[in-house]
Amino acid sequence: DAKTTQPPSMDCAEGRAANLPCNHSTISGNEYVYWYRQIHSQGPQYIIHGLKNNETNEMASLIITEDRKSSTLILPHATLRDTAVYYCIVSGDLKTSYDKVIFGPGTSLSVIP
Amino acid sequence: NAGVTQTPKFQVLKTGQSMTLQCAQDMNHNSMYWYRQDPGMGLRLIYYSASEGTTDKGEVPNGYNVSRLNKREFSLRLESAAPSQTSVYFCATNPWESYGYTFGSGTRLTVV
Chain A
981 DAKTTQPPSM DCAEGRAANL PCNHSTISGN EYVYWYRQIH SQGPQYIIHG LKNNETNEMA
1041 SLIITEDRKS STLILPHATL RDTAVYYCIV SGDLKTSYDK VIFGPGTSLS VIP
Chain B
154 NAGVTQTPKF QVLKTGQSMT LQCAQDMNHN SMYWYRQDPG MGLRLIYYSA SEGTTDKGEV
214 PNGYNVSRLN KREFSLRLES AAPSQTSVYF CATNPWESYG YTFGSGTRLT VV
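Protein chains in written order, with the numbering used here: chain A, 981 to 1093; chain B, 154 to 265.
To be clear, the hints were calculated from the coordinates, so they are not data collected in a lab. Mixed in with the good hints there might be a few duds.
Said to hold, decoys possible - Covered stretches of chain A (in silico footprint by chain B; criterion: 3 or more residues with CB under 8 Å from a CB of chain B, positions within the stretch not fixed):
#1 1012–1026
#2 1081–1092
As the list claims (entries may be wrong) - With a cut-off of at most 25 Å between alpha-carbon atoms, the simulated DMTMM-like pairs for lysine to aspartate or glutamate come out as follows:
#3 A:K983 with B:D179
#4 B:K210 with A:E1011
#5 A:K983 with B:E232
Backbone N, C-alpha and C fix where the C-beta goes; we use that ideal spot for every residue, glycine too.
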């Protein structure tokens, strides 16, 4: 079973920030939070990951609460091309283990013109 | 372009037929994975290979076999296709050194 809970769908106005929440109350100390997205029927695309500190890259920012039980993916200026299903995943350190990545149903984000 | 290549992109099989889905990567990644995605659902892991010469079962391995032919190639075989195996199949790789999986574009399989 997926270890995360996400809202099934969200809307966001084009040009505004999209804030996608994720609950992972059973996360353990050595597990990371990963975010992927899947545009239409393409293969999923890795976005960002983090352990306990906030992270930012060219695609998005990841905010993890201090107790690590929830996180938020932020797309700072959503465009129509950001319309996709976004998956929040909790898993072990993929650098040192082969922990399988379990995808739940995700959040379907619609960016509206 | 560098990445993960899956063949074929589309396939229709009759119940009981067999086929092999091919996956090849040119990124020198160590681990490779096979997922299936049913309509409106997330991805489910079928099999994975942590490195050349090793394979392990995922969540839904029944009805499938895999072969890690070499570091580049990881194939998925359906020995006797069933309608329940109608799905989109994705291959993915991971290099160990970084944390992001790279996925192929998928094989859309219909079993009638």
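Okay, the hints, checked on the actual structure:
With 9 residues having a Cβ less than 8 Å from any Cβ of chain B, the segment 1012–1026 of chain A passes the three-residue criterion, so the hint holds. For the segment 1081–1092 of chain A, the assignment as covered by chain B holds, since 6 residues bring a beta-carbon within under 8 Å of that chain's beta-carbons and 3 suffice. For the suggested pair A:K983 and B:D179, the alpha carbons sit about 32 Å apart, so the restraint of at most 25 Å is broken. As the CA atoms of B:K210 and A:E1011 are separated by approximately 21 Å, the hinted pair is consistent with the 25 Å bound.
Taking the CA atoms of A:K983 and B:E232, the gap is near 32 Å; set against the 25 Å cutoff, the hint is violated.
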